[in-house]
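Trainee: This is what each chain is made of:
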Amino acid sequence: MAARVRIGAEDFDVPAELARLRAGDGGVGALACFVGTVREQGEAAAIRGMELEHYPGMTEQAIEAMIDEAMRRFDIRAARVVHRVGVLAPGEQIVLVAVASAHRGAAFQACEFLIDYLKTQAPFWKKEHTAHGAHWVDARSADDAALARWGIEARNA
Amino acid sequence: MKLQVRYFASLREALGPAETVEIGAPATVGALRDQLVARGGRHAEALARARALRCALDRALVDESAELADGAEVAFFPPVTGG
Numbered sequence: 001m002a003a004r005v006r007i008g009a010e011d012f013d014v015p016a017e018l019a020r021l022r023a024g025d026g027g028v029g030a031l032a033c034f035v036g037t038v039r040e041q042g043e044a045a046a047i048r049g050m051e052l053e054h055y056p057g058m059t060e061q062a063i064e065a066m067i068d069e070a071m072r073r074f075d076i077r078a079a080r081v082v083h084r085v086g087v088l089a090p091g092e093q094i095v096l097v098a099v100a101s102a103h104r105g106a107a108f109q110a111c112e113f114l115i116d117y118l119k120t121q122a123p124f125w126k127k128e129h130t131a132h133g134a135h136w137v138d139a140r141s142a143d144d145a146a147l148a149r150w151g152i153e154a155r156n157a
Numbered sequence: 001m002k003l004q005v006r007y008f009a010s011l012r013e014a015l016g017p018a019e020t021v022e023i024g025a026p027a028t029v030g031a032l033r034d035q036l037v038a039r040g041g042r043h044a045e046a047l048a049r050a051r052a053l054r055c056a057l058d059r060a061l062v063d064e065s066a067e068l069a070d071g072a073e074v075a076f077f078p079p080v081t082g083g
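Just so you know, the protein sequences line up as chains A and G, in that order.
Okay, so the first sequence: first residue is 1 according to the numbering used here, each after it adds one.
Okay, so the second sequence: first residue is 1 according to the numbering used here, each after it adds one.
Since the hints were made in silico from the structure, they are not lab data.
Even for Gly, the Cβ is constructed at its ideal location relative to N, Cα and C.
This list has only true hints and no planted wrong ones.
Taking CB as the label site, the calculated pair distances span:
#, chain 1, residue 1, chain 2, residue 2, range
1, G, 18, A, 134, 17 to 27 Å
2, G, 30, A, 71, 26 to 36 Å
3, A, 92, G, 13, 17 to 27 Å
4, G, 65, A, 86, 31 to 41 Å
Computed list of chain G residues with no C-beta within reach of chain A, every gap over 10 Å:
#, residue
5, 15
6, 16
7, 19
8, 21
9, 22
10, 27
11, 33
12, 37
13, 40
14, 46
15, 48
16, 50
17, 65
18, 66
Hey, can you work out the whole structure from these sequences and the hints?
Mentor: Below, the structure written as structure tokens:
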């Protein structure tokens, strides 16, 4: 079985990741995934690139714990998170959350739960590069509100 | 006691990636932040109370009331923005 969490500079192949997630498990009848990508247009200016920093060791541990929590809350069979770090160009893939379950409901819910959780509780930081220079992206209170829907207080933004 | 203190993102840019800090026991993460702020200069600015920061103790998110132990790894960083 592949590791549940991968953090690294290299890109990921969504169909290959989904195939791996359900390989060897005949009970899987639903796959849901979320892919986050680098926007080409920011709020103020066109984005030339995105730099992603993380806290090696802690990030993996935090996401593993989130997957454990998702497995407790939802009737799912497997989940995987891939998150890139380093310098990314506009349009590139940043993050993949993929979930396998017997029926669609649990897969959709667990996928949304995991990305909501990751957004405010996994130690990653984004820096946008634009024609006007580089700046660290501000946390959004909307992301805290998204996690609150699952009964978890984010206390991030 | 001796602690390893790590910084990330804008704090890393201001203060460097890590430093070893001595603090008298017992102490909390918040007391460590206050001691660093009391140094003045870049530390006072980067870790100022007016700034919303998050902290981790031995690689788990904690609030500032968390108790420190000798040899602990403490990290300060801005709100997270991954995903």
